[in-house]
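Chemist: Listed below are the residues making up each chain.
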Amino acid sequence: MEIKGAMFISNVMCMKCNKTIATVKFTKIIEGKPQEIHLCQECASALSPYQKKMHNLENAWNEILAQLLGKEKGKEPPAEQEQPKEKIDLVCDNCGLPFESYRKSPFLGCSLCYNTFHKYLISDIRKIHGGTQHVGKVPGRYRKIMEIKRSLDHLRHELQDAIKMENYERAAVLRDKIKTLSEQESSSIESPSR
Amino acid sequence: MMVQNILHESDVWLSQKGPSQHVVVSSRIRLARNLIRIPFSTHAKSDELSHVTRLVGDTIQNCKSIQGFNLISLHDIPTTVRKYLKESHIISPELEKGDEHRLIYTSPNCRISIMVNEEDHIRIQGLAPGLYLKPLMEELDRIDTELIEVLPIAFSEQLGFLTACPTNLGTGLRVSVMLHLPGLVFCRLIEETMKMVQPHCLTVRGFYGEDSDYTGDLFQISNEASLGKSEEDIVDSVLIVVEKIIKKEEEARQKLFSERDLAVEDAIWRSYGLLSHARVMDTQEAMGLLSRIRLGIDRGYFKDLDHLRLNKLMIEIQPAHMEYKTSFKEGTERRDTARADLLRSIFQAPGSNN
Numbered sequence: 001m002e003i004k005g006a007m008f009i010s011n012v013m014c015m016k017c018n019k020t021i022a023t024v025k026f027t028k029i030i031e032g033k034p035q036e037i038h039l040c041q042e043c044a045s046a047l048s049p050y051q052k053k054m055h056n057l058e059n060a061w062n063e064i065l066a067q068l069l070g071k072e073k074g075k076e077p078p079a080e081q082e083q084p085k086e087k088i089d090l091v092c093d094n095c096g097l098p099f100e101s102y103r104k105s106p107f108l109g110c111s112l113c114y115n116t117f118h119k120y121l122i123s124d125i126r127k128i129h130g131g132t133q134h135v136g137k138v139p140g141r142y143r144k145i146m147e148i149k150r151s152l153d154h155l156r157h158e159l160q161d162a163i164k165m166e167n168y169e170r171a172a173v174l175r176d177k178i179k180t181l182s183e184q185e186s187s188s189i190e191s192p193s194r
Numbered sequence: 001m002m003v004q005n006i007l008h009e010s011d012v013w014l015s016q017k018g019p020s021q022h023v024v025v026s027s028r029i030r031l032a033r034n035l036i037r038i039p040f041s042t043h044a045k046s047d048e049l050s051h052v053t054r055l056v057g058d059t060i061q062n063c064k065s066i067q068g069f070n071l072i073s074l075h076d077i078p079t080t081v082r083k084y085l086k087e088s089h090i091i092s093p094e095l096e097k098g099d100e101h102r103l104i105y106t107s108p109n110c111r112i113s114i115m116v117n118e119e120d121h122i123r124i125q126g127l128a129p130g131l132y133l134k135p136l137m138e139e140l141d142r143i144d145t146e147l148i149e150v151l152p153i154a155f156s157e158q159l160g161f162l163t164a165c166p167t168n169l170g171t172g173l174r175v176s177v178m179l180h181l182p183g184l185v186f187c188r189l190i191e192e193t194m195k196m197v198q199p200h201c202l203t204v205r206g207f208y209g210e211d212s213d214y215t216g217d218l219f220q221i222s223n224e225a226s227l228g229k230s231e232e233d234i235v236d237s238v239l240i241v242v243e244k245i246i247k248k249e250e251e252a253r254q255k256l257f258s259e260r261d262l263a264v265e266d267a268i269w270r271s272y273g274l275l276s277h278a279r280v281m282d283t284q285e286a287m288g289l290l291s292r293i294r295l296g297i298d299r300g301y302f303k304d305l306d307h308l309r310l311n312k313l314m315i316e317i318q319p320a321h322m323e324y325k326t327s328f329k330e331g332t333e334r335r336d337t338a339r340a341d342l343l344r345s346i347f348q349a350p351g352s353n354n
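Keeping their order, the protein sequence lines are chains A and B.
According to the numbering used here, the first sequence is numbered sequentially starting from 1.
According to the numbering used here, the second sequence is numbered sequentially starting from 1.
Heads up, a few of these hints could be off.
Quick list of in silico lysine to any residue cross-link-like pairs, SDA-like style, CA-CA up to 25 Å [to be verified]:
| id | chain 1 | residue 1 | chain 2 | residue 2 |
| --- | --- | --- | --- | --- |
| 1 | A | Lys-119 | B | Glu-138 |
| 2 | A | Lys-104 | B | Ile-240 |
| 3 | A | Lys-127 | B | Ser-156 |
| 4 | B | Lys-86 | B | Lys-97 |
| 5 | A | Lys-144 | B | Gln-158 |
| 6 | B | Lys-45 | A | Arg-141 |
| 7 | A | Lys-149 | B | Thr-145 |
| 8 | A | Lys-144 | B | Lys-86 |
| 9 | A | Lys-144 | B | Ile-240 |
| 10 | A | Lys-104 | B | Lys-134 |
| 11 | B | Lys-97 | A | Ile-178 |
| 12 | A | Lys-144 | B | Lys-195 |
| 13 | B | Lys-64 | B | Pro-152 |
| 14 | B | Lys-64 | A | Pro-98 |
| 15 | B | Lys-64 | A | Ser-105 |
| 16 | B | Lys-45 | A | Lys-144 |
| 17 | A | Lys-149 | B | Lys-64 |
| 18 | A | Lys-144 | B | Glu-138 |
| 19 | A | Lys-127 | B | Lys-86 |
| 20 | B | Lys-45 | A | Gly-140 |
| 21 | A | Lys-127 | B | Gln-21 |
| 22 | A | Lys-149 | B | Pro-152 |
| 23 | B | Lys-45 | A | Lys-149 |
| 24 | B | Lys-86 | A | Phe-99 |
| 25 | A | Lys-144 | B | Ile-36 |
| 26 | B | Lys-97 | A | Arg-141 |
| 27 | A | Lys-119 | B | Lys-134 |
| 28 | A | Lys-127 | B | Lys-97 |
| 29 | B | Lys-45 | A | Val-135 |
| 30 | B | Lys-134 | A | Val-135 |
| 31 | A | Lys-119 | A | Asp-89 |
| 32 | A | Lys-127 | B | Ile-240 |
Per label pair, the in silico range of CB-to-CB distance [said to hold, decoys possible]:
| id | chain 1 | residue 1 | chain 2 | residue 2 | range |
| --- | --- | --- | --- | --- | --- |
| 33 | B | Leu-239 | A | Ser-186 | 55 to 61 Å |
| 34 | B | Gln-67 | A | Gln-160 | 36 to 42 Å |
| 35 | B | Arg-279 | A | Asp-124 | 30 to 36 Å |
| 36 | A | Asp-124 | B | Glu-265 | 37 to 43 Å |
| 37 | A | Pro-98 | B | Asp-236 | 36 to 42 Å |
| 38 | A | Leu-90 | B | Ser-50 | 45 to 51 Å |
| 39 | B | Arg-334 | A | Ser-123 | 35 to 41 Å |
| 40 | A | Lys-179 | B | Lys-45 | 50 to 56 Å |
If you are wondering where the hints come from, they were derived from the structure by calculation, not from laboratory data.
Please read these numbers as outputs of a predicted model, since none were measured by experiment.
Note that CB positions come from ideal geometry on N, CA and C, so glycine has one too.
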C-alpha cells in the first residue's frame with residue numbers, strides 16, 4: 001500500500017488542470033517521506049476510474065510527478081517510465097479477445113485467455129501478487145487430476161529405474177499402469193470443460 | 001420474495017453484536033468464481049449471460065447450504081432500490097448499474113449474498129458485524145464448495161481460480177475489514193498507522209470500496225494479493241494487522257481521554273449540538289459528526305446510544321436510505337432536510353422543543 005486518497009477542503013488549485021480548487025489529496029510515501037498531490041474531483045476521477053486498480057494510480061502518480069514536481073525536463077526522466085511495449089497480435093481462440101484490448105482494460109475475455117496469453121500475462125501477475133503459484137483451495141475434480149499427475153510422475157521415474165536395471169517384466173507392468181492413468185487424466189481434464 | 005422485505009432485512013446484520021465492535025464496524029469476505037469457456041460477464045453477450053444465470057440457478061436449487069435464499073434480478077428493480085442495496089454493502093457498485101441478467105441471491109438475514117454476472121460470473125460475499133473473519137470464512141467455504149463441485153469452474157493448477165481481472169486470481173479471495181479510527185485521526189497518527197499496513201500487502205480504501213473517500217474516519221483494510229497464499233494465510237495476515245491497528249486505536253483513544261484533551265471534548269459536543277439542532281444536513285457532514293459521537297460513546301457520553309446504533313445510523317443516513325425511508329422523490333434538498341429530521345429525533349436535546 002503506497003497511495004492514499006482523502007477528501008479534504010483546501011484553497012489549493014488542482015495541480016493537473018489548475019482551474020478548479022483541489023478537493024482530493026493523494027499522498028505517496030517516497031523513501032519514508034510523504035509527498036502530496038492535490039487534484040480537483042474531475043481530474044482525480046479521470047486518473048483513477050473505478051476498477052482501474054492501483055497500478056493505474058501509480059502510473060498517474062508518476063505522470064503527474066514528472067509533469068509538476070518534475071525536475072527540469074529532459075534532465076531527469078521519470079524513473080519508472082516504461083519502454084514502449086511491442087504490439088502483440090494475439091487473439092483468444094475461444095472468446096475472440098485481442099491481447100491489445102486487455103492492455104486497455106484490466107479484464108481478460110474468458111478463462112481460456114489465460115492459456116492463450118500466458119507468457120505475456122505472467123509478469124503482470126507476478127507484479128500484482130508477488131507470486132505465480134496458487135496455494136489453497138482446489139476444486140474436487142482438479143484435485144483428482146493433480147493426484148493422477150503426481151502418480152504419473154512417480155511411475156515414470158520407476159519405469160526409468162526398471163529399464164536401467166533391465167527389469168523388463170516390471171517395466172511392462174509399469175507401462176500398463178502409466179497407460180491407464182494417462183487415459184484417466186485426459187478424460188478428467190475434458191470433463192470440466194463440458 | 002418482495003423487494004420490500006429484502007430492504008427491510010438488508011441492514012439486519014448491522015444490528016447484531018460482533019467482536020471488537022468499538023473499532024471494527026464490519027467484516028466482509030468475497031470469493032470470485034467463473035465458469036469454463038463462457039466469456040467473463042464483462043465481455044459476455046446477452047445469451048451467454050443468461051446461460052450463466054441458468055446454470056448457476058439450477059445448481060443453487062440443489063445446494064443444501066443455499067436453501068431459502070431470496071432471488072432478485074437487479075434489472076427489474078428501481079434505481080433507488082439498487083442504490084439502497086449498494087449502500088448496505090449487499091451488492092457491489094458494478095451490480096448497481098442494473099444491467100440485464102444480473103442476479104443476486106441473498107440469505108434470509110442478508111449476511112450471505114451470491115452475485116451472478118458481476119465482473120465475475122459468481123461472487124459469493126459474506127458480511128458480519130465486528131471482527132468476525134474466521135467463522136465467516138468457514139460459512140462461505142461451505143457454500144463455495146457445494147457450488148464448485150457441481151459447476152464447471154475455471155481453474156488452473158498454477159493460477160488457481162481464473163477471474164475476469166488478474167488481480168483476483170488464485171484464491172479469488174478478498175477479505176475486508178471496516179475500521180472506525182477517530183482516535184488515530186485525532187492524534188494525527190493515522191498516516192503512520194497506515195504505513196504499517198504496507199509491508200503486509202494490504203490496501204486501505206474508503207467506506208464504499210475502491211476509490212471512495214475516507215468518510216467519517218472509516219477505513220477499509222483488505223488483502224491485495226490473492227495468489228500465492230492460502231485462504232487461511234490471507235485471513236490471518238489481515239487479522240494480524242487489524243488487531244495491531246485496534247490496539248493502536250485503543251491507545252490513541254485512551255491518550256485522548258486521559259489527557260482530557262479539550263479539543264476532542266469540544267469536537268464531540270459540537271457534533272452533538274449540530275446533530276440535535278441542524279435543519280439541513282448532507283451525508284458527508286453527517287458522517288463526520290456521527291464519527292465524533294461514536295468516539296463520545298467510548299468516552300462515556302450518550303448513555304442511550306451504543307456502537308451498534310451508530311453503525312446502523314451511518315448506513316441509514318446514506319442518500320438512497322433516506323429516500324426510501326421518507327418515500328421522497330430524488331432531490332438533494334428534501335433528502336438533506338429529512339436526514340436532519342431523523343438525526344434530530346435521535347439526538348434530541350433535553351428540554352429543547354425540537
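Chemist: Which of the listed hints are broken here?
Modeler: 1, 2, 6, 8, 9, 10, 11, 12, 14, 15, 16, 17, 19, 20, 21, 23, 24, 26, 27, 28, 29, 33, 34, 35, 36, 38, 39 and 40
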